[in-house]
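Chemist: Numbering (the numbering used here), first residue to last: 21 to 276.
FYI, nobody ran anything at the bench for these hints, they're computed from the structure. Small disclaimer: the values here were computed from a predicted structure and weren't measured. Any given hint could be a false lead.
Said to hold, decoys possible - Ranges of calculated distance between the beta carbons of each label pair, as one might list FRET restraints:
{"id": "1", "residue 1": "A257", "residue 2": "T128", "range": "12 to 22 Å"}
{"id": "2", "residue 1": "G112", "residue 2": "E23", "range": "28 to 38 Å"}
{"id": "3", "residue 1": "A58", "residue 2": "L30", "range": "18 to 28 Å"}
{"id": "4", "residue 1": "A272", "residue 2": "D74", "range": "13 to 23 Å"}
{"id": "5", "residue 1": "I24", "residue 2": "I111", "range": "42 to 52 Å"}
{"id": "6", "residue 1": "Q76", "residue 2": "Y42", "range": "36 to 46 Å"}
Ideal Cβ placement from N, Cα and C applies to all residues, glycine included.
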Amino acid sequence: MGEIWDPDALRLLAAMTAPPPYAYRRQNNKTIRRMKRADIWRKNPLIYFPASQDAQSAYLNWASPGSDTLAPAGTGPTTHTAWGGIAGDGIGSYFTTGRALNALTNATQNSIHLSGRLTSTGAGAGVTGAAVIISTTGTQTNQIYARSSSANPLRTSYRANAGTSRSYDLGTPLDHKIANRDNSANQTLYNNGLLVNTDVDASVALHAGVIILCARPTTYGDGVVGFASAGEAYTAADCLAEYQIVDQHLRAIRAI
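Between the sequences and the hints, there should be enough to build the whole structure, so can you do that?
Modeler: Below you can see the structure in the form of structure tokens.
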């Protein structure tokens, strides 16, 4: 029986200037179908897999290849590593999605998540020798980032808007990190590197900062970002599913 191609996988393929070999195209199709079966695809207007064959395909928004394409920004160089991901220079460069947080389809004040995955910690430039993964511009920060210190080798911090931030430590910057606000009791959940941080403090509406990768308002990182997503709140099952699907995808493309 031949491959059953998802329409969104075909749209993604059509948006690529230089489509990858068949085995990679098939893996992309499998990943999209798995995300749909897990019911997390529809929750994400932004889905990026910068771990791709070239920069053009790395910048595409899988959820809508014709919109919210990543674009290098800032004052320094950016890089793309084939099948690894994208990175800033840790000094002044980053990537912008062009999408403001308060314009994120499906996301609301108490229903929002940000996700990120590093495939390499980079050379250690910026953010005290670690790497920002996903954040927003502006004075109110929304971010998932890593930092280095003897007491806290990794810090993942999230502020869905102007509310109180809560942070939890994980063991390595290469873990899959999810910051989630779903208006339920605060909790943390660890599943082989998965973090769920649910914050329900009263706060103002989502602000207009643009969602970016590899930077936050005043600091930058050079870690290699292999995956990022943003959208409405996740359940614990959603978080685990995203981690497992992304992990399998990144392992598969490196093995092909």
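Chemist: Which of the listed hints are not met by the structure?
Modeler: 2 and 6
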